[in-house]
Amino acid sequence: MSNGKLNGQYEVLSPWAEADPVALRGLKAPRLTDLTGKKIGLFCNIKRAAGPILTVIERKLKERFPISEVSWYRGRSFSVSEQDPQNKEKFEEWIKGVDAVILAVGD
Amino acid sequence: MKYLVYDTIFIEDSNRPTVTLAYQYFANDAMSAASSRGMPGVRFVPESIVSECSVTKEIEVGVSAVMDDIVAGLTKPLTAEEESPKPKEVEKPSRIIFKGNLEEINRFFYQRGWTDGLPIIPPTEEAVAEMLTGTDLSPDHLVAELEPRLGKATVEKIAINAVMAGALPTYMPLLIVGVKVLSTSPMADVWAVSTGSWIPFWIVNGPIRKDLHINDGFGALSPGEIANATIGRALGLITKNIRGVRKGIEDMGVLGNPGKYSMVIAENEEDSPWEPLHVEHGFKKEDSTISLCFPNSYQQQHSYATDDKGILNTVIYNITPGRMGMLGIILTPVNAKALASRGWTKKDIKKYIMENARAPRDHYAGYYAGGEDKGDPQESVPLFTTRPGQPDPIQIYVVGGWGSWTGLLSGGQGITTEKIELPANWDKLVAKYKNVVPTYAKY
Numbered sequence: 001m002s003n004g005k006l007n008g009q010y011e012v013l014s015p016w017a018e019a020d021p022v023a024l025r026g027l028k029a030p031r032l033t034d035l036t037g038k039k040i041g042l043f044c045n046i047k048r049a050a051g052p053i054l055t056v057i058e059r060k061l062k063e064r065f066p067i068s069e070v071s072w073y074r075g076r077s078f079s080v081s082e083q084d085p086q087n088k089e090k091f092e093e094w095i096k097g098v099d100a101v102i103l104a105v106g107d
Numbered sequence: 001m002k003y004l005v006y007d008t009i010f011i012e013d014s015n016r017p018t019v020t021l022a023y024q025y026f027a028n029d030a031m032s033a034a035s036s037r038g039m040p041g042v043r044f045v046p047e048s049i050v051s052e053c054s055v056t057k058e059i060e061v062g063v064s065a066v067m068d069d070i071v072a073g074l075t076k077p078l079t080a081e082e083e084s085p086k087p088k089e090v091e092k093p094s095r096i097i098f099k100g101n102l103e104e105i106n107r108f109f110y111q112r113g114w115t116d117g118l119p120i121i122p123p124t125e126e127a128v129a130e131m132l133t134g135t136d137l138s139p140d141h142l143v144a145e146l147e148p149r150l151g152k153a154t155v156e157k158i159a160i161n162a163v164m165a166g167a168l169p170t171y172m173p174l175l176i177v178g179v180k181v182l183s184t185s186p187m188a189d190v191w192a193v194s195t196g197s198w199i200p201f202w203i204v205n206g207p208i209r210k211d212l213h214i215n216d217g218f219g220a221l222s223p224g225e226i227a228n229a230t231i232g233r234a235l236g237l238i239t240k241n242i243r244g245v246r247k248g249i250e251d252m253g254v255l256g257n258p259g260k261y262s263m264v265i266a267e268n269e270e271d272s273p274w275e276p277l278h279v280e281h282g283f284k285k286e287d288s289t290i291s292l293c294f295p296n297s298y299q300q301q302h303s304y305a306t307d308d309k310g311i312l313n314t315v316i317y318n319i320t321p322g323r324m325g326m327l328g329i330i331l332t333p334v335n336a337k338a339l340a341s342r343g344w345t346k347k348d349i350k351k352y353i354m355e356n357a358r359a360p361r362d363h364y365a366g367y368y369a370g371g372e373d374k375g376d377p378q379e380s381v382p383l384f385t386t387r388p389g390q391p392d393p394i395q396i397y398v399v400g401g402w403g404s405w406t407g408l409l410s411g412g413q414g415i416t417t418e419k420i421e422l423p424a425n426w427d428k429l430v431a432k433y434k435n436v437v438p439t440y441a442k443y
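Line order of the protein sequences matches chains A and B. Note that the numbering used here gives residue 8 to position 8 of the first sequence, counting from 1, and the numbers run on in steps of one. Note that the numbering used here gives residue 309 to position 309 of the second sequence, counting from 1, and the numbers run on in steps of one.
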């Protein structure tokens, strides 16, 4: 096509859609000074590896730190958010009850 | 991945520190999801545990390698960038994006990641104006904002992508509703980007099938008709260019799928002995509709025999236990009539398959999950289970030419159907493009 054939000139429109800018926000939650005495949340969705990964993390955390407690939260599905109305209240309550959260999807 | 990231952000917004593990090859996907929700500083720990790993020892090794990072993620003080991320530059794309010849335009669009690899028709002002004759809506009418990028699917952007795909203006009403379905289907944003490389499979019903010459007969799933080829292609380009789905970043399909180029059929309603799909889903027969579901595998089976027993056993014995989700059965008119003439309705067929499709327990993924005893590996267990509120796990489509083959579409959850609204000048439009059909040379 570079030998002079099909050489008509065209002005073309952009197919790329506009999108409103997303306002960025930073992390506000202060990090923990250490894990001693803290209650650690483990958030697990239903993908196959998520639970086993967090089980190992739980054991290793307990080996390394005198953490007070571990609290598990099992999501309904990898394809829905726990912020959906039917789960949000339960999710919020769980978050309030922990000092920090480790999440794993298993992907 | 993205819903886990959204929940991570929610936890951070609830004033609790988080750290999120992501398989190292999915880090871009995780970052994209975090940025799209305005919190790019979310702390991820890339790990080396194979996606969906089921081997305990490998998980142990993978976690051990990142334990220090996990602890640091929860305890290391926030950086200035994490606390106050720099604003991204606001995109101000030019409406006219390029000038050049056919080759240069194709090269430019391809290098921007705006095509599916096949050549495109240049979306000139004139070509887009002609495409816009296919709708009464104004070019700046916002049809939807599409996840994950929340790109604005205006009528003009839909038309531009339709021109690129080679679509005709008469496809615009269908494409506009297709975009709405992409924005409302509960599974569209997940299945379109999942590791399983799910295909957006579009089924068209009602009078518009004939107006657009959508092939519902011989070779309906093969290349050869503009409508079947470009409707799916246009919606695929819209997925890239409006939704912002990028391969290997948001679209984490591991193997990919040729069906993503275009998988569009119409039901062969005239030769079906049953009510068409859209009537089954509550629409009137005279309505035109488009339906969307997300299978990821397509197989064809020659009928074991051409009576009801032979056809149904062909289905039952070829359903894969490893599929994820629903089953779509494509019956040719021949097979559909063979069943209907022996008294079978769609409902009967679904019930029969539900009750009789079985496989040994160790043919299912669940058997290999850790934990409790799973029972006798050779025990025959049902391939389908129903739960209240779950979508119908089996759909039946009557499509194809006159032969005794059956198509099985495996996977996906649920099907979404929407009515297509036509513009006031529809009959004139249809008349204008009615001769755009292939007429083969005689030899």
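Note that these hints are calculated values from the structure, not bench results. Note that the coordinates shown come from a computational prediction; the quantities given were computed from them, not determined experimentally. Ideal Cβ positions, reconstructed from N, Cα and C, are used throughout, including at glycine. Check the hints yourself; a few may be wrong.
[To be verified] Listed next, with one range per pair, are the computed distances between beta-carbon atoms: (1) B:434 to A:7: 32 to 38 Å; (2) B:142 to A:84: 32 to 38 Å; (3) B:103 to A:24: 36 to 42 Å; (4) A:7 to B:95: 57 to 63 Å; (5) A:33 to B:110: 34 to 40 Å; (6) B:129 to A:7: 22 to 28 Å; (7) A:7 to B:38: 41 to 47 Å; (8) A:24 to B:347: 49 to 55 Å; (9) A:37 to B:84: 27 to 33 Å; (10) A:33 to B:38: 23 to 29 Å; (11) A:93 to B:403: 34 to 40 Å; (12) A:74 to B:183: 27 to 33 Å; (13) B:366 to A:58: 49 to 55 Å.
Structure versus earlier hints, numbers of those that do not hold, lowest first: 2, 4, 5, 11 and 13
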